[in-house]
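2 protein chains.
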Amino acid sequence: MDTRTSAFRLRIEHVQDALHRHGFAAVLVPTSDPHLSEYLPERWQGRQWLSGFTGSMGTLVVTRERAAVFADSRYWTQAEKELADTGIELVKIPTGNATEHVEWLARQVKAGDTVAVDGSVLGIAAAQFLQAALDQAGARLRTDFDVLAEVWPDRPDLPTAAVYEHRAPQAPLARAAKLAQVREAFLRQGATHHFVSTVDDIAWLFNLRGSDVSYNPVFLAHALLDLHATTLYVGVGKVSAELQRALQADGVRVAPYDQAAAALAALPANAALLVDPRRVTLGLRQNVPAGVKVIEAINPSTLFKSRKTEAEAVHVREAMAQDGAAMCEFYAWFENALGKERITELTIDEKLSAARARRPGFVGLSFNTIAGFNANGAMPHYRASAESHAVIEGDGLLLIDSGAQYLGGTTDVTRVWPIGRVSAEQRRDYTLVLKGTLALSRTRYPRGTLSPMLDAIARAPLWEHGLDYGHGTGHGVGYFLNVHEGPQSISKTMPEPHMAMEPGMITSIEPGLYRPGQWGIRIENLVMNVPATTPAAGAFGEFLEFETLTLCPIDTRCIERQLMRADEIDWLNRYHVVVRERLSPLVAGDALDWLVRRTQPV
Amino acid sequence: MDTRTSAFRLRIEHVQDALHRHGFAAVLVPTSDPHLSEYLPERWQGRQWLSGFTGSMGTLVVTRERAAVFADSRYWTQAEKELADTGIELVKIPTGNATEHVEWLARQVKAGDTVAVDGSVLGIAAAQFLQAALDQAGARLRTDFDVLAEVWPDRPDLPTAAVYEHRAPQAPLARAAKLAQVREAFLRQGATHHFVSTVDDIAWLFNLRGSDVSYNPVFLAHALLDLHATTLYVGVGKVSAELQRALQADGVRVAPYDQAAAALAALPANAALLVDPRRVTLGLRQNVPAGVKVIEAINPSTLFKSRKTEAEAVHVREAMAQDGAAMCEFYAWFENALGKERITELTIDEKLSAARARRPGFVGLSFNTIAGFNANGAMPHYRASAESHAVIEGDGLLLIDSGAQYLGGTTDVTRVWPIGRVSAEQRRDYTLVLKGTLALSRTRYPRGTLSPMLDAIARAPLWEHGLDYGHGTGHGVGYFLNVHEGPQSISKTMPEPHMAMEPGMITSIEPGLYRPGQWGIRIENLVMNVPATTPAAGAFGEFLEFETLTLCPIDTRCIERQLMRADEIDWLNRYHVVVRERLSPLVAGDALDWLVRRTQPV
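In the order they appear, the protein sequences are chains S and A. Per the numbering used here, the very first residue in the first sequence carries number 1; after that it's consecutive. Per the numbering used here, the very first residue in the second sequence carries number 1; after that it's consecutive.
Everything labelled a hint here was simulated from the structure, so no lab data went into it. Heads up, a few of these hints could be off.
[What the hints assert, rightly or not] Derived list of chain A stretches under chain S, where covered just means 3 residues or more per stretch with a C-beta under 8 Å from a C-beta of chain S:
1) 123-132
2) 492-500
[Stated by the list, open to error] Using 25 Å as the maximum straight-line C-alpha spacing, the simulated DSS-like pairs for lysine-lysine come out as follows:
3) K340(S) x K351(S)
4) K110(A) x K293(S)
5) K293(A) x K110(S)
It should be emphasised that the depicted structure is a prediction, and the values quoted were computed from it without experimental measurement. The C-beta atom is built at its ideal place from N, Cα and C for all residues, glycine as well.
With these hints in hand, go ahead and build the complete structure from the sequences.
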């Protein structure tokens, strides 16, 4: 046992001491914060601090005798490594199943036991599910216990970074118009008030951005709207006096972050409050007076912001071109330098990020760059570190999944490149993944199709060979906002009505294939739902198709020609014509040469 | 207004009189019976008797002022015709949405109103949904009112047809073994008792068949199992003394049909009863004593019977060959007779049914033959009648959807044939539907894939051209049982865990395309889930593929060659080789000539 693992053993022991002290049987530490965000401020990275598992998702459950991390297939390899020798078990769960830890817990507890969780980071819907499972086991749930407050001595404070405005032309729709849109929506649903905790919804709604967490340009805040007034609850000092005046002009009052709970407690008895039960915590919900009618529904802003306007789409296309140009510069350098200088997965991150940073409108990365060579590429959420990274040398496949935030859009692209000699099996795998990307990219579908129903189209070419991937095919993407944004999801998730495909939505298409210990492949573009002009001309309803937004050559050297159909080759060649046309004006010299070389027709 | 429509007006008036008499605001008349079956004994065809709408699904709602039938797109054309001049509105609902009438009703009623329905034909789950909707509207629900008892003077009695045994070799698994299987399953779920009302489950479980309804070889019965005893509640006189002795030998007691309710009322207080809330009525559920624990779950028999054993599959393949041979004989006659004698849609039904009836193992048709020429083919559930049918002459497309019950399996096949000249648009439509059938037929998929997730694969070729169809892509099929059997469904329905694809399941693949007033196309085969041997050899889990069971030539003259890919043509040619090989030994003369002619490679 090394110093690292003994630290985590000790932390878990402290948690178990706390369980004894309070008479609890178990405690749940979800990967969650008061806004139920994907990226957590350090203050709420308690699951990672306690267990050492650094994955972006996963739940830690500690009982008096055991400790277990629940993680899905994207994290298995990583979690096995990070949890080794910590005494913490890894429970492998299927992707998308976020309830397995509850069932596990229900089996561990006895009737009369008490299970604790911090209700201030637990969603209303998740709390209901947990409560029901514990009820059935005869156990009690305590939601007012924050174990981190007891065992984490140097727990970080709330972030203090400044909030700034997202302005025209990149923010084409004014804040007042968005507020009116949302107000009209909650009124139509019979509500008089609406409370929002979701940070990307708030950023969109107020045309504000921040930097409280990595990668997502958001800031911690809650918002309460009634029929006339709007209050934004945000940390004191984060909004400048000037910005406060601008907000005031649009009827927005700024109040201290920690007054949100009191505002809910002060709702009038005849209020009808719209909240999204999956996006508001139990801790905040508990403040709502008993008499208030609570209407549970998806945040109206989630639906509005998913449908990018034509004015936004213009900026997105420009951001995609700048992003593609940055990649041409990077790859041109990479191919020239390979074999001449030492290149590691970390070098790739540095050089690629630098190329992006030179582009107009660049704000930051949209997620940590995943540069995985061979076996590292087989870990879908791999991140190279100073201690552990590969040198790019010899033969194999290099997977690079990267993206950035621009004032006019968010990018996310994955490509795989051959290094040295590539085997027949690698070629076959690569080609089958590419066929999946192409198949879905070309699909037309009726407007309103539930996005999960499209998932099988991308998998079918892999399924034919008995292959599959453990993650979803595509996630929604924000507009200079979160790189993972709903409501749509092209995946095996259970479809729900709000997942319907509507014009303007941006989604990734990213089938993959992972051979643990060998190599990984993923080919990802972002696409936007646009009206399709079909021969039937509307006689069978409205149809949509995907506009491929991402502009970056797809390697053709790894293609196994016999596996590709003529219509697939056509699509790829036409894509490369567009990529070359759109990127040529933005690059020169080596980068232009590289672009021309890598967009040759097959 | 003619005699027909005035009869229905009068019947609705009688219902409205009854509403006044009882002080009810509205009554619901579902298409349903005490077994929640698809095909209803005449006694429960009240919706049809009251409204004149003859479709196999649909709900009638009568308020004091209005009457409305709710039907999905399969029935719109038919319902518009049949409801014309009756004063009954047609409410068009999306396919699969069986709740729209509840929402409509909730909008019609005022707080304090009472809505009546016959609880003895209302599923538990449907009742819960209805109750919740009326609660919200402040209305009351009465479930003890059978409007048909008041307004239907000559209401038919219960069917009295004899029950008979489904014997080996076609029933390879003994009754006792099936009962043990189900008993083990409900025990595992924590139940001590299990009550079944589903007639196809009962037929499968007891290796019995009957003829109480059209097409489905089932009989009305309920069954109650505890850990040791089994009671079958069935009409007195329907089970012969000899058969009763055989049942007795397997521990099955036969009791009168109407004693099922009393048996539920007599359950011991410490019992735990497994019932399928979608397959047992509220009326029966209400008999269960308050102390009994009710476990709601899908009937174990539904899952068992959906997975045909290898021994059953052998008989299914034989039944498919006999069915294909019958079709060769019919089509040979048809092509020779066309232009020489008068052929109508009714002649087709007669001749085709006669050809099937000559085949060994034939028991009856599995549904009413749909023979629809041109515009009639555009009605997916069309049925020709003596009063209204088309003569096959001139140019166009003839759609024939037909099937039979054999002792060793149930068939269901749809083909479309060119008559005279076929237009370019008809060719294109035909080819796109065929591409849909082929695309799904060739799909491999991981075992456990939720069947609805495969739906888009069959639609994609049509979607590409802005086309679609309003029905599901495929339904489960029984084994000498119901032609529509769950739990799987390849459709836009919301997936549920029990819809997972498992080996041995038989499903139809039947994409279509309907141009109202012009023509309809549907190309349907039955397929069975079988283990797939893939290059990955299980490294990515178990995979399944479809064995195409249906053996009948698919017309190649309507194919628009340019729309077909080489791999699609290959599949079709290979299918036709198999069809010819398998059917040749079973036909001779003209039928053999026809088979050879229609299985020529493209």
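Tested hints:
Look at the segment 123-132 of chain A against chain S: 0 of its residues bring a Cβ nearer than 8 Å to a Cβ of that chain, fewer than three, so the hint is violated. Only residues whose C-beta sits within less than 8 Å of a C-beta in chain S count toward coverage, and the segment 492-500 of chain A has 3 of them, enough to reach three; the restraint holds. Under the criterion of a C-alpha separation no larger than 25 Å, the hint pairing K340(S) with K351(S) is consistent with the structure, at around 16 Å. For the given pair, K110(A) sits about 21 Å from K293(S) by alpha-carbon distance, which is consistent with the 25 Å threshold.
About 21 Å separates the Cα atoms of K293(A) and K110(S), which keeps this hinted pair within 25 Å; it holds.
Violated hint for the displayed structure: number 1, the only one.
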